[in-house]
Amino acid sequence: MLKWKDRGTTKNLQEVVLGRCYNYITAQHPELGDKDCLKIWESLKDAFIYKNPCNITPEDYQPLMELASHPIPCNKSLFWSKTGDLVHRYTKSNQNFLTLEDTLLGYMADRISWCGDPSAPGINYESCPKRNECESNPSSVFWKMASKMFAEAACGVVQVMLNGSVEAGAFRSSSIFGSVEIFNLNPDKVSEVHIWLMQDIGGPQSESCSGHSIQRLISILEERNFKIICEDNYRPVQLLQCVHNPDHTDCRLCTNSTAIL
Amino acid sequence: MMMNHFFPLLFVSVLCMNSFTGVQGKKWKGEGTTQNLESIVIGRCYDYIRIVNPSVGEKNCSQIWEAFKNAFINKDPCSILPEDYELFINLTFHTIPPNKSLFWENNQLLVNSFADRGRRYMSLGDTLFGFVGDFLNWCGQADSPGLDYESCPTTTECENNAVESFWRMLSIIYAKHSSGVIHVLLNGSAAGGAYPQPGFFADYEIPNLQKDKISQIVIWVVDDIEGPDIDSCGAHSVKTLETRLTALGYDVTCTDNDKSVMFLLCLDNPDHSKCAIASSAPAAQRGPISSDRGGSWNKLMFVSFAGFLFRFALVY
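Those protein sequences? They're chains A and B, same order as listed.
With UniProt numbering, letter number 40 in the first sequence gets 40, and the count goes up by one each step, no holes.
With UniProt numbering, letter number 82 in the second sequence gets 82, and the count goes up by one each step, no holes.
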């Protein structure tokens, strides 16, 4: 078995993936009742089992992508970069938006890992390649493909939650959002892009809508004919941040209608 | 020749249809067992021990499924008792960290969001034993090892049904093993009062709290944002609750509309006056930056300037 630097395949991968698939189509999204979870699991397994984990291609995942993909309602796609924790707490509390991890494909694959090996049993439970060891590893290829399809499926108004408290800038060309998703939005289907620029409560205010990296993002999107709206600290998400910082000055509730409106 | 057979056949098939879909219909009034129950339960079990909360250690999820199933299959679906889940509890049990217990009534979705999958609090649904059964439905039938996917008894039809007894057992265990400061989240807008009696908290949890392990009970009464303020601390059913807990010897505090929880409720109603945050820029300044900046900014400047001139003219 080859040795790598990242954690190995999640134990009981089959049970976890199958269970998540059935959970998703039965308990959460009965409209997807025609999905065959067993076939979906088999197609995931076939994508990587017994293969060298540095030689994975998009074609390996094509059957899985086709079996597991489903339409996304317009105006609900929510992209994100460097805001993983906050964005998923938000979609858990507010069913109006869907991140990739709220679709069947993303839901099954979230937070688990997998990779194969040419020797028996064909799955490596000890370790898997990190991105810097080889780019064409099972995880990187999966997420790149799933992200591309998620962007292609988006329609209407799309949203993106970015982090205005990271030093390296809210928008990075090297992120999946910056390198895959924005280039796969379809201008014939997507009308507007709404940017929610969130800063940590009490955190550094590294960037706002007028910042450099945001200006770069806006010009890339404008070139592709999208209308863009950027909002600093989009209120509903800020309210969620305040749940865990209720006493911070940024979270003082206006009382007795003294708000200037 | 064909016609001779046709009408009797038609008659018989209509009769058969009636007996399937007519008044007799389903055995019970409740929904049937959730499809793919076994895969979901086993999958959730492994998901929990591998991803959600690996600190609970190694568990045998196939064994756990068997214990769960054996609690109710091959029995009259109205004869299932909490004790029938004892083996299931033994196999799934893990300790609940002190100060993390969160009890609730009439606000399950809110609690799930608030508990943050066990990171802030560990509600019953965030324990392994609660996690595998949450939002699912199940029942068996007498004299058959199969699950009933057609229908299951509601609690009104019979109390000792598989799901009701499951949650009663789990509530008892959860209460017994809670320690430190415990929190109770109640819905101040619920018809019938924030502290329901009968109810799980009243009948299965309070009687099983271990007084020597609990340092304080913190009650939060939260109204729906648009909801009526039916109950609050010191009033009606909440007063009944406070009195009961104090009489049992607990140190009790109660807060109305705790800020943290309010913010969570505000997510669905961010523009409500109760949800206005002081730090949000006033509407005039906040205006989003939009991409056809040239056009709309110029317009904004013009309008502002015109407005200013107008006011200036009015004053002087």
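Don't read these hints as lab results, they were simulated from the structure.
The structure displayed is predicted, hence computed values, not measured ones.
Check before you lean on any hint, since a few could be wrong.
Said to hold, decoys possible - If you anchor each label on the Cβ, the simulated ranges turn out as follows:
| # | chain 1 | residue 1 | chain 2 | residue 2 | range |
| --- | --- | --- | --- | --- | --- |
| 1 | B | Tyr149 | A | Asn52 | 39 to 45 Å |
| 2 | A | Asp6 | B | Lys27 | 17 to 23 Å |
| 3 | B | Glu150 | A | Pro63 | 32 to 38 Å |
| 4 | A | His29 | B | Glu157 | 28 to 34 Å |
Don't be surprised by glycine CBs; every beta carbon is placed ideally from N, CA and C.
A quick look at each hint next to the structure:
1. B:Tyr149 <-> A:Asn52: 39 to 45 Å: At roughly 44 Å between Cβ atoms, asparagine 52 (chain A) and tyrosine 149 (chain B) fall inside 39 to 45 Å, so the hint holds.
2. A:Asp6 <-> B:Lys27: 17 to 23 Å: Cβ of aspartate 6 (chain A) to Cβ of lysine 27 (chain B): about 52 Å, so the range 17 to 23 Å is violated.
3. B:Glu150 <-> A:Pro63: 32 to 38 Å: holds, 35 Å
4. A:His29 <-> B:Glu157: 28 to 34 Å: holds, 29 Å
Checked against the numbered hints given earlier, the structure breaks only hint 2 and satisfies all the rest.
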